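Engineer: Listed below, chain by chain, are the residues.
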Amino acid sequence: MEEVERYLADMNKALFGMDKKTREGIVAELRSHISESLADGASSEETIKNLEHPRSLARRYKQIYGYGTLFNILFSMDAIILAIIAVPYFPYLGYEPYYSLLFAFAIVSVGTAGLFCGKKVGLAVGIASTTARILSFATIYLLSDDLFLRTDDALAFVIVSMIFIPVGYGIGRAKEKWPGNGD
Amino acid sequence: MAKDKGKSSSKGMDWSRELKKGSIQVCLLALLSEGRKYGFQIIKELKENTSGYIDLKEGTLYPALHRLEKKGLLKSEWVTEGSGNPRKYYSLTARGKEGLKEALDEWGAMVKSCNRLIDEVR
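Quick note, the sequences are listed as chains A and B, same order.
57 is the number of the first residue of the first sequence in this note's numbering; add one for each residue after it.
259 is the number of the first residue of the second sequence in this note's numbering; add one for each residue after it.
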């Protein structure tokens, strides 16, 4: 039946980003349900009408399962890359204030990872970004001949770098607790 | 969940829906304590066993089952009987059975204390 296949294809599309096996299982279960309904005597229009719109149904599943590993990695990558670049004296950056802007973007990226992928991924991305930023600057400092850093400046740098952690975790957790995101 | 909202709503509060929201997980666990069942079967039996009061929509049922499975209260398996339609059966895990018992105890306590309050008000 055309509408059935179209519905299932739409469902598959709406679940995009989810772990492949989980997604296939969900679609297979809906297919099984539709077959039962048709065997029970309902028409395909009725059956599909009783099923929710693919987009809103997919959203419920996503709330339960989150995104798959690949997607989580993609969301995290840009945050970590920005964290690496957004340090003072990063080569090829030229004009200094840019690093502050990139730092802001890095914070937003970590927040986005937490928002879309949940608090666990947000925390992981936060820790990874903090570590990446500290290592990035440590590398630049060690390789440079003429950079001098006082201890309290270094400490301040480390503390500021840690902002990624509460941002990633906090936004992920806030989104989960937001009314309507039921669990 | 119910297809007609008219009966118990007033000024935008659909009480039937509100009350059902909290009890659906317990009902699913209770139904599955009878043995393993698949989605379509669950919808039918819920409707029959509650004289049509719980007319669960598919968009509510399947995510609810998945959520319970993810929490470890249910487990699932695909079963194909002969050349029939493959079906995903759900059943209670040991944790699910414990959870059902705890939920029913809680249910009883809640109903008892609420009835006490309600009787005073009525």
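Any given hint might turn out to be false.
Mimicking SDA-like on lysine to any residue, the simulated pairs with C-alpha atoms at most 20 Å apart in a straight line are [unchecked claim]:
(1) B:329 - A:116
(2) B:315 - A:83
(3) B:315 - A:104
(4) A:118 - B:330
(5) B:315 - A:175
(6) A:118 - B:328
(7) A:175 - A:122
Hints listed in this document are in silico derivations from the structure and should not be mistaken for laboratory results.
These figures come from a predicted structure and were not determined experimentally.
Engineer: Can you name, in rising order, the numbers of the hints this structure does not satisfy?
Structural biologist: 5
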